[in-house]
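Residue numbers (UniProt numbering), protein chains in the order written: chain E, 1 to 248; chain F, 1 to 248.
Hints were generated in silico from the structure; no laboratory data involved.
A couple of the hints might just be wrong.
It does not matter which identical chain is used: a pair holds within one copy or between any two.
To be verified - Straight-line alpha carbon distances no greater than 27 Å define the calculated DSSO-like cross-link-like pairs of lysine-lysine that follow:
| hint | residue 1 | residue 2 |
| --- | --- | --- |
| 1 | LYS223 | LYS92 |
| 2 | LYS92 | LYS103 |
| 3 | LYS103 | LYS160 |
| 4 | LYS103 | LYS223 |
Protein chains: 2
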Amino acid sequence: MTAAAPPPVIVLVRPQLGENIGKAARAMLNFGLTELRLVSPRDGWPNPDAGPASAGADVVLAGARVFETLAEAVADCTDIYATTVRKRGVTKAVLTPEAAAQKVHAQPGRSAYVFGPERSGLETDDVALAHAIVTVPINPAFGSLNLAQAVILLAYEWSKHVPGDGHVALASPPEVPLDPPAPHGELEELIGHFVRDLDQSGYFFPPERRDATLRALRTTLTKTGWSHNDIRMMHGIIVALGRAPRTR
Amino acid sequence: MTAAAPPPVIVLVRPQLGENIGKAARAMLNFGLTELRLVSPRDGWPNPDAGPASAGADVVLAGARVFETLAEAVADCTDIYATTVRKRGVTKAVLTPEAAAQKVHAQPGRSAYVFGPERSGLETDDVALAHAIVTVPINPAFGSLNLAQAVILLAYEWSKHVPGDGHVALASPPEVPLDPPAPHGELEELIGHFVRDLDQSGYFFPPERRDATLRALRTTLTKTGWSHNDIRMMHGIIVALGRAPRTR
């Protein structure tokens, strides 16, 4: 058995009610998850409604960190899972909570489970940051999972695979890639470098297609699994191409 | 595979708050369970607080049946599972939700998942009626599962084993037609495009490092899993960067 992967981070994007943040913290701690990150919580942070709803999960709330953007919140994470129903126009692998838990345990970096606002769920731009989508298979005639319920199901599935906890440990040690994927922040910097230079070259044309093209570029780069060294190389290539004569 | 076993009955013993009965109904219906039985609900039945908390799971509440005793409530059930932390002095098999779900699906009779009152849980006499105990493995330092959360975890585990032709067709994560990796020839052309432009920019320097650098570039691009469309986009990016002003 190799060293256990770190527990996943729970990221709540633009959560609305403090009560629901508290309930999510409670759900997490039941299954041993403690690292909570909040992206632009609607009512600010700390929120007096969170504590009473957490049923004593104060350690989770006290350690919660707040970020402006999802990209910042997951900057140190290598695997990012967007929990959502399927979005049109996003082409990503869709996993069950079970399959996602297995992947989280199988790779050495830090993973993030990302949850959207209570009413609307994640935006397409949030999902674009993720490596895969996690969907809980529910009754198609009655899909009514709330935020804390989605958190508890993912936390529960993760906990089932924790070694040495009386659960089924992973039978065979995972294949660890020699060169693990870089933390997400490094990929963001690379995307930023591409975008800056492409903006100057007039690549994003016409302007009204910019968002869609940017999303496609992000998807193309996110799927690469590039390591720190791969990303360093690509920075060098962007710089070099910028001084290369035009191809044709 | 024989005919699917009937879905388990959810039995709430002496539930206190109507709100929690509604939340349990909501949890059930998310995973396709509809048969709810109440043993001596504290505030009688129907309870006006149940409906609003059920988030539309009216079909479950409308069909709920009330019994005086647990024995009557499970009289037609062949397998009875008491959900509880382990009780002293009760010698029964203790199963995970997963193992219980497998047993429920493996036998043809009707099963019951029995849940105790919110505060106190099941009495020893209730547990004595059960064939086995189901315990959700939780954080020993913070065990704070509420009634609806316990119901949702058991219902979820049951739903995972529902055969495709079973009672409820659960919405499995759709198989997204992922963009398959391009044929290798396309990747070769992309590598060739990179190399041509990088050669002109003086990227491969010093010359004696050229082979090693080229191998690294090839490795970086080969691991991407890029599709035809990804590769087309990258060709465009190389061309665009060639006309971009130098980064720095």
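Hint-by-hint comparison with the structure:
1. LYS223 / LYS92: This pair counts as both: shortest intra-copy Cα distance 9 Å, inter-copy 17 Å.
2. LYS92 / LYS103: within (15 Å within a copy, 34 Å between copies)
3. LYS103 / LYS160: Classified as both: same-chain Cα gap 13 Å, cross-chain 18 Å, threshold 27 Å.
4. LYS103 / LYS223: For LYS103 and LYS223, both the intra-copy (15 Å) and inter-copy (18 Å) Cα distances are at most 27 Å.
Of the hints listed earlier, there is not a single one the structure fails to meet.
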